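My numbering puts the first residue of the sequence shown at 10, with every later residue one more than the last.
Check each hint, because a few of them may be wrong.
Said to hold, decoys possible - Simulated restraints, written as ranges between beta carbons of each label pair:
1. D32 - P202: 14 to 22 Å
2. R92 - E224: 29 to 37 Å
3. L63 - G189: 30 to 38 Å
4. Q217 - G100: 38 to 46 Å
5. G235 - E141: 30 to 38 Å
6. E96 - F267: 33 to 41 Å
7. K114 - Q162: 20 to 28 Å
Claimed, not checked - In silico DSSO-like pairs for lysine-lysine, Cα to Cα no more than 27 Å straight-line:
8. K119 - K144
9. K31 - K114
10. K251 - K261
Don't read these hints as lab results, they were simulated from the structure. Note that the coordinates shown come from a computational prediction; the quantities given were computed from them, not determined experimentally. The C-beta atom is built at its ideal place from N, Cα and C for all residues, glycine as well.
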Amino acid sequence: MCQTLKRTRVECPIVENSIIAKDIYKMVLKAPEIIAETLPGQFVNLYCGHKGRLLPRPISVCEIDGQEGLLTLVYAVVGAGTREFSELAAGDTIEAMGPFGNGFKMETDKPAVLVGGGVGTPPMLELAKQLEGEKTIVVGFRSEPYLVEALEQYGKVLVATDDGSHGFHGNVVALLEQEGIASGRLYACGPTPMLKGLKEFAKANGMQAQLSLEERMGCGFGGCVGCAVKVPADNKAGYTYKKVCKDGPVFKAEEVLFE
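Let the sequences and hints guide you as you build the complete structure.
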């Protein structure tokens, strides 16, 4: 079901904004209005102060603290907007709006396998906190891992790196195969090649999988078609399109057609 837009911008005090790995930052906001309705797998839109950067930057929810009203976001510096965010400090404020999107459907009848790749790792933290039952958490990075200690509070964590500097030398699918992890429910977020591989892995092993897509979003709330993805359809083409920001970012694996 698509989410109806009923959000307004909120001026959020920044509690923390610190670097946790190369070009990776952790921002903690005081945002009780936002976290009151937030689910694992959703995202918020952050707004730049620079007048030339009108479009918001969608950032996945990493962690929420309902008691303290805190929202934790982990983001990579990849352009002018996120560079601006990285220059903010505790005591500054930032405009945020959300939560947006459809999050993970948490099911507990089978052991869970959570897989994060790069900046697809942060959403796994709140999911691991809220998901009951046995959990194996597999995370992959190019080189330097992050959030591993936080994730270890909620399940067994396995690390893969492309360069072999930490943990398993290779990708997360190869690590799953090596460890013989081929049952349970799979939840994943990360780059498209990783998700495509996990879809094939899940299908081959009869695992139900939910995938959170990291498509580039234009507006972040369904007004454009910048984040459209192919999904199966009963028509001549065999497919139609859905919007990641509004219909996702989480989809059942069989609902997504990867190129």
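Structure-based check of all given hints:
no.: 1; hint: D32 - P202: 14 to 22 Å; in the structure: 20 Å, holds
no.: 2; hint: R92 - E224: 29 to 37 Å; in the structure: 21 Å, violated
no.: 3; hint: L63 - G189: 30 to 38 Å; in the structure: 49 Å, violated
no.: 4; hint: Q217 - G100: 38 to 46 Å; in the structure: 45 Å, holds
no.: 5; hint: G235 - E141: 30 to 38 Å; in the structure: 36 Å, holds
no.: 6; hint: E96 - F267: 33 to 41 Å; in the structure: 36 Å, holds
no.: 7; hint: K114 - Q162: 20 to 28 Å; in the structure: 23 Å, holds
no.: 8; hint: K119 - K144; in the structure: 10 Å, holds
no.: 9; hint: K31 - K114; in the structure: 32 Å, violated
no.: 10; hint: K251 - K261; in the structure: 13 Å, holds
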